[in-house]
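J.: Chain by chain, the residues:
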Amino acid sequence: MKSSICLRRMKVNQKGIIRIVGGQGEMGRRIRDMGLVPGVDIQVVGRAPLNDPVALRLRDFTLTLRNNEADYIFVETDDENP
Amino acid sequence: MKTPKSKITIALTGNPNSGKTTLFNALTGSRQHVGNYPGITVEKKEGYFETAQHVLHFVDLPGTYSLTAYSQEELVARNYMIREKPDLVVDVVNSASLERNLYLALQILELGAPLILALNMMDEVRKKGMTLDTLLLEQRMGCRVVETVARQGKGKQELIETIISLRTRKDERRSPLRISYGPDLDPVLNEMAAIIQETGFMTDTYPARWLALKYLESDEQIISEGRERSLETSNRLEGAANDVAEHCMKTLKTYPEAIIADYRYGFISSLLKDVVTRDQQRQRIEMSDQVDKFLTHRMLGPLFMIFVLYMVYSLTFLVGDIPLSLIEDFFGWLGDAVRAVMPDGLLQSLLASGIIDGVGAVLSFVPLLMIIFFCIAFLEDSGYMARVAYMLDRVFSYFGLHGCSIMPFIVSGGIAGGCAVPGIMAARTLRSPREKLATILTAPFMTCGAKLPVFLLLAAIFFPANQALALFMITVLAWASALLVSKLLRSTIIRGPATPFVMELPPYRLPTLRGLMIHTWERTWQYIKKAGTIILAISILIWAAMTFPQLPEERLAYYDSQSVILEGDLASLPGDSDVNEKMDEILSQREQIEFSLAGEQLAYSYAGRTGTFLEPVSSWAGFDWRINIALVGGFAAKEVIISTLGTAYSLGAVDEDDPVSLAGRIQQDPDWDTKRAVSLIIFVMLYAPCFVAVVAIARESGSWKWAGFAMVFNTVFAFGFSTAVYQTLKFFI
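In order, the protein sequences belong to chains A and B.
According to my numbering, the first sequence holds residues 121 to 202 in order.
According to my numbering, the second sequence holds residues 6 to 738 in order.
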């Protein structure tokens with residue numbers, strides 16, 4: 121069974137495919153402009169020293185966002201017990 | 006007869022970190038001009054390239070990821086392309102992440118702007134084991150594609166040829182690209198575009214379908230402009246947009262703008278099919294990611310960051326000290342030469358005490374500043390600065406700021422030696438008005454290049470063994486003040502929720518020397534220009550304030566008569582060696598008289614009167630009237646503090662034959678001690694921003710109210726802090 125979890129809960133080095141991107145207005149637009157849209161492969165590549173923000177690898181570049189923003193993004197991971 | 010060359014205007018656009026500025030530098034060399042867009046303060050860089058028949062006029066638009074109205078930069082880039090209608094638009098893309106970079110290109114094509122795609126960083130693409138089918142991309146995009154490696158200047162010639170050939174063929178304006186946005190949006194888009202065509206609604210400026218798209222994206226700028234043009238048509242379009250938004254929410258649980266982004270990225274994916282091929286074997290973990298495992302590591306990352314910042318100081322002091330003292334000596338010599346050559350009088354005093362001492366004090370810091378600017382440029386261009394923002398965001402957001410506040414803070418002097426004016430301007434990348442305001446108001450606490458000389462001077466005198474440590478502590482204190490005041494502001498007068506932190510971590514790159522030099526020179530030149538204009542004027546003004554009004558006749562006559570008596574005594578001495586003691590006594594008496602004359606003159610002047618007037622209050626923090634003069638001058642520009650101290654002490658000095666540097670004079674003065682130095686450092690660090698910065702605050706915050714607030718609040722805060730420290734230190738020192 122494939123599971124869909126919130127990006128905030130993903131671990132470093134975990135991979136997945138974005139399924140839902142919520143968020144509207146300025147923040148939603150900013151997230152989408154950077155290429156975070158459903159169907160995209162991502163990998164969490166790191167977390168800042170205080171666990172926030174999180175760094176993602178997608179579309180051949182690295183992006184950072186805060187956990188508050190990660191809450192709008194749900195990811196389907198291969199991992200069964202994340 | 007020579008025919009005039011034809012001018013081609015080319016807008017250069019692209020994502021941040023795509024090498025756009027490097028390409029701009031490669032194309033235009035040193036023929037650049039930096040200005041501002043009218044009305045706003047986004048930097049406008051222009052440059053020229055001349056061929057036999059053409060003048061290519063390049064305009065470097067601000068780097069953006071998209072053309073929404075998300076930030077002022079995006080608005081500037083978009084409006085330039087729409088309103089100024091450049092002959093061509095060159096979109097510089099990072100070919101190593103083509104997918105995201107084409108998102109901007111697509112929007113430019115939707116605008117109908119004549120586009121050339123510059124596929125930059127082709128070397129990185131090859132290194133990654135990727136290949137790009139440029140011809141196929143060109144076919145599918147319907148625009149010319151040129152491969153470049155900007156940092157090596159590769160592809161530059163081809164790009165110029167392409168620009169000229171497109172221009173010579175005089176292509177008619179291309180029709181805007183039409184992307185399908187799917188069964189939910191396409192019908193309504195067509196319907197809205199029809200309304201727009203029919204009523205001629207803003208069609209003189211924008212393509213119809215593009216306008217309709219912006220209404221669906223609820224783009225604030227376009228909608229408010231539309232309402233002004235025709236409220237009726239705008240209402241119809243807004244109504245249609247709202248209906249489809251409701252429909253999307255009900256049936257798909259999503260927003261039109263989300264669907265638009267999805268389809269744009271979908272369109273790009275199909276564009277890139279077979280264009281990008283990856284060598285699976287050579288898929289390797291990125292070097293940058295490997296490096297980041299160490300540089301942004303939980304423990305090692307912050308340690309390394311502190312180490313890097315500290316190294317910047319050490320380097321600055323190690324290397325910068327030599328030219329610094331050379332230039333200081335030069336201006337000291339120049340002042341003496343003027344004093345020796347010119348007859349005593351007002352003109353000599355103006356030149357030597359006013360202009361040379363004042364401007365010399367400012368210019369002597371140029372080598373030091375160049376090293377610091379060079380280091381900052383290196384950290385920025387290498388990509389490390391973005392990591393610093395990433396690591397610090399959690400802390401910054403706690404204080405109501407944003408990881409991106411790091412840039413304004415560092416440019417303002419977070420690493421000692423910046424300037425609050427470009428710092429305040431750098432805050433423009435912060436979209437949220439609240440974080441931006443908090444950043445703008447607290448960035449001037451940082452150690453800018455103008456305050457740095459004061460700190461350097463005092464550190465050298467009072468902490469000679471620990472200069473670097475003292476400077477480091479000063480920087481830490483500046484940061485702590487900025488953060489705490491920001492927290493205070495964000496929880497009182499500028500309350501509100503945080504803005505998103507969505508930022509790219511660009512791969513680490515070795516900066517080009519040329520790029521570093523240009524950055525360094527631009528900032529240094531700003532400083533020198535300030536020294537030559539504002540500071541020069543203020544130096545003269547302050548010299549005048551310290552020279553006029555002259556002492557009343559009877560006082561001058563009194564001093565004259567005193568020295569005449571001593572001269573007489575001196576002349577009446579017999580010429581033999583026994584009376585040397587007597588002669589020394591007379592000479593020292595004469596010195597005393599000259600000293601009290603100079604002192605009385607300064608105290609009698611306008612500046613002296615102001616300083617004395619403030620002394621009863623300022624003495625709580627340990628400042629005498631001379632320091633007060635300098636601090637009042639510092640309202641105009643912080644550079645003036647050091648030059649005024651220089652002038653104040655040189656005017657008050659006696660021994661013109663033995664010029665002692667300002668540092669020497671302070672060192673010999675018994676009134677100066679460590680507690681006064683510490684108190685002065687704190688006051689200078691925190692009090693009202695300089696006049697130019699105040700103007701920048703007013704412009705960036707959009708209100709003089711905030712500029713006034715910064716002046717009053719900062720001064721009161723600084724004085725309270727200094728007084729507290731001074732009074733406390735009294736118990737220990």
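Calculated from the structure, these hints are not laboratory results.
Don't be surprised by glycine CBs; every beta carbon is placed ideally from N, CA and C.
Incorrect hints may appear among the rest.
[What the hints assert, rightly or not] A short, non-exhaustive set of chain A residues, derived as facing chain B with CB atoms under 7 Å:
| hint | residue |
| --- | --- |
| 1 | Val-164 |
| 2 | Ala-168 |
| 3 | Pro-173 |
| 4 | Leu-185 |
[What the hints assert, rightly or not] Label-pair ranges, simulated between beta-carbon atoms:
| hint | chain 1 | residue 1 | chain 2 | residue 2 | range |
| --- | --- | --- | --- | --- | --- |
| 5 | B | Asp-189 | A | Ser-124 | 22 to 30 Å |
| 6 | A | Leu-170 | B | Glu-203 | 32 to 40 Å |
| 7 | A | Ile-137 | B | Gln-37 | 18 to 26 Å |
| 8 | A | Leu-170 | B | Phe-618 | 26 to 34 Å |
| 9 | B | Ser-708 | A | Val-132 | 38 to 46 Å |
| 10 | A | Ile-137 | B | Arg-183 | 24 to 32 Å |
J.: If a hint holds in the structure, say so; if it doesn't, say that too.
T.: Results for each hint:
1. Restraint check, Val-164(A) versus chain B: the minimum CB separation of about 12 Å is more than 7 Å; hint violated.
2. For the restraint placing Ala-168(A) at the interface with chain B, the shortest Cβ-Cβ distance is roughly 5 Å, inside the 7 Å limit, so the hint holds.
3. Given the 7 Å rule on beta carbons, the hint for Pro-173(A) holds: about 5 Å separates it from the nearest Cβ of chain B.
4. The restraint placing Leu-185(A) at the interface with chain B holds, with a minimum CB-CB distance near 5 Å, inside the 7 Å limit.
5. Range check, Asp-189(B) to Ser-124(A): Cβ separation about 23 Å, and the 22 to 30 Å hint holds.
6. Take Leu-170(A) and Glu-203(B): their Cβ atoms lie about 56 Å apart, and the range 32 to 40 Å is violated.
7. For Ile-137(A) paired with Gln-37(B), a C-beta distance near 45 Å fails the hint of 18 to 26 Å.
8. Separated by about 50 Å at the C-beta atoms, Leu-170(A) and Phe-618(B) break the suggested range of 26 to 34 Å.
9. A beta carbon spacing of about 44 Å between Ser-708(B) and Val-132(A) agrees with the range 38 to 46 Å that was offered as a hint.
10. Hint check: Ile-137(A) to Arg-183(B), Cβ distance near 29 Å, so the stated range 24 to 32 Å holds.
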